[in-house]
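Peer 1: Sequence:
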Amino acid sequence: MKSGAASDRGGRHTTGVTTTSPSAPPSARTTVKRRPDRGRYDRDQVHAVLDEGLVAHVGLATPEGPVVIPMLYARDGDRLLLHGSTASRLLRGGKGTEMCVTVTLVDGLVLARSAFHHSMNYRSVVVFGQATAVADPDERRAALDVLVEHIVPGRTGETREPNDKELRSTLVLALPLDEASVKVRTGPPIDEDEDHDLPHWAGVVPVTTVFGEPEPAPDLAAGIPVPGHVAGYRRR
Numbered sequence: 023m024k025s026g027a028a029s030d031r032g033g034r035h036t037t038g039v040t041t042t043s044p045s046a047p048p049s050a051r052t053t054v055k056r057r058p059d060r061g062r063y064d065r066d067q068v069h070a071v072l073d074e075g076l077v078a079h080v081g082l083a084t085p086e087g088p089v090v091i092p093m094l095y096a097r098d099g100d101r102l103l104l105h106g107s108t109a110s111r112l113l114r115g116g117k118g119t120e121m122c123v124t125v126t127l128v129d130g131l132v133l134a135r136s137a138f139h140h141s142m143n144y145r146s147v148v149v150f151g152q153a154t155a156v157a158d159p160d161e162r163r164a165a166l167d168v169l170v171e172h173i174v175p176g177r178t179g180e181t182r183e184p185n186d187k188e189l190r191s192t193l194v195l196a197l198p199l200d201e202a203s204v205k206v207r208t209g210p211p212i213d214e215d216e217d218h219d220l221p222h223w224a225g226v227v228p229v230t231t232v233f234g235e236p237e238p239a240p241d242l243a244a245g246i247p248v249p250g251h252v253a254g255y256r257r258r
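One rule links them: number in our numbering = place in the sequence shown (from 1) + 22.
If you are wondering where the hints come from, they were derived from the structure by calculation, not from laboratory data. Do not take every clue at face value.
What the hints assert, rightly or not - Derived DEER-like restraints, expressed as beta-carbon distance ranges:
#1 236 to 118: 34 to 44 Å
#2 219 to 85: 53 to 63 Å
#3 254 to 221: 20 to 30 Å
#4 200 to 139: 33 to 43 Å
#5 92 to 139: 28 to 38 Å
#6 86 to 254: 25 to 35 Å
#7 136 to 190: 19 to 29 Å
#8 243 to 86: 21 to 31 Å
#9 90 to 239: 29 to 39 Å
#10 118 to 241: 39 to 49 Å
#11 118 to 254: 33 to 43 Å
#12 179 to 221: 49 to 59 Å
Nothing here was measured: the structure is a model prediction, and the numbers come from that model. By construction, the Cβ of each residue, glycine as well, lies at the ideal position given by its N, Cα and C atoms.
Taking the hints into account, I'd like the entire structure generated from these sequences.
Peer 2: See the structure below:
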C-alpha cells in the first residue's frame, strides 16, 4: 500500500492512504458466531468504532506463550497503525506473524431483573491479520503524525517533529483491515416473560467518557495558553 505526504487540517501531514476497497464479506475468522444478529461487516462501521476508540488490545503468539498488550493505535485508511520502541521484543515479533487486535467501546450497563440477563451495550471491533513494518522514514514520520492526530486532533501542528534519532528508535507496524468485524449490542435488558412482574428495577445505565480540565505541566513556561484543540477536547 503506497502512501505519500498529504496536508491535514489538524497537523503536519498524514500518510495519504485512501479507503477504496468496498466492504468485504466476513471471513471464517471474523464471522460472529455467538449472537450472529449482532455482527456487522460494513467497512464504515468498522472505521467508526476504530476512530472513536483510544486503546487497542493486541494479541499475538510468542515463544513464551500468548500475549495481549494494550496499545495506542490509529486508523490510516484501510490499515491500523501500531507503534512502539524498536527494542520491543513483542512488537518486533509481531512483524509478519498473525495477530488479533480488538477495540471496545462501552455504551451502557444493562441491568436486568435476573442476574443471568445482565449485560452491556457495546461496540467492538476485532481485526485479524499480519502486520508489516513501515520501513520508509518519511512514511514512518507521517504515520506517527497520524497516531498523534488520532489521539488529539490538531496536536501535531503545535509540537516538535520527531528528530532522526527518535524516528530510528520507533517501530511502526501496519495491519490491514481486510479481516475485520463489528459486534454491537444496544437497547434495554431482555428478561424472561415470567420475570417481568418481579419487584426489581431493570434498565440501562448509560456510560460516557468525560474529559476534565487540562492540567498544565509544572515546568510549562509562563504565558503559554491552553490551545483550542486541548481546551475543547472530546472524542468524535
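Peer 1: With reference to the structure, classify each hint as holding or not holding.
Peer 2: Okay, the hints, checked on the actual structure:
Checked against the given bound of 34 to 44 Å, the beta carbons of residue 236 and residue 118, roughly 40 Å apart, stay inside it. Taking 53 to 63 Å as the suggested C-beta distance range, the pair residue 219 and residue 85 conforms, at roughly 57 Å. Our hint of 20 to 30 Å for residue 254 and residue 221 is violated, since their Cβ atoms are close to 45 Å apart. With their beta carbons about 36 Å apart, residue 200 and residue 139 fall inside the hinted range of 33 to 43 Å.
Distance hint check: the CB atoms of residue 92 and residue 139 are about 29 Å apart, consistent with the given range 28 to 38 Å. A hinted range of 25 to 35 Å is violated for the C-beta pair residue 86 and residue 254, which are about 44 Å apart. As the Cβ distance of residue 136 to residue 190 is approximately 57 Å, the hint placing it in 19 to 29 Å is violated. For the pair residue 243 and residue 86, the beta carbons lie near 45 Å from each other, so the given range of 21 to 31 Å is not met.
Restraint check, residue 90 to residue 239: a C-beta distance of roughly 32 Å satisfies the suggested window 29 to 39 Å. Evaluation of the 39 to 49 Å hint for residue 118 and residue 241 yields a pass: the beta carbon distance comes to about 42 Å. With their beta carbons about 41 Å apart, residue 118 and residue 254 fall inside the hinted range of 33 to 43 Å. Checked against the hint of 49 to 59 Å, the pair residue 179 and residue 221 passes, with Cβ atoms roughly 57 Å apart.
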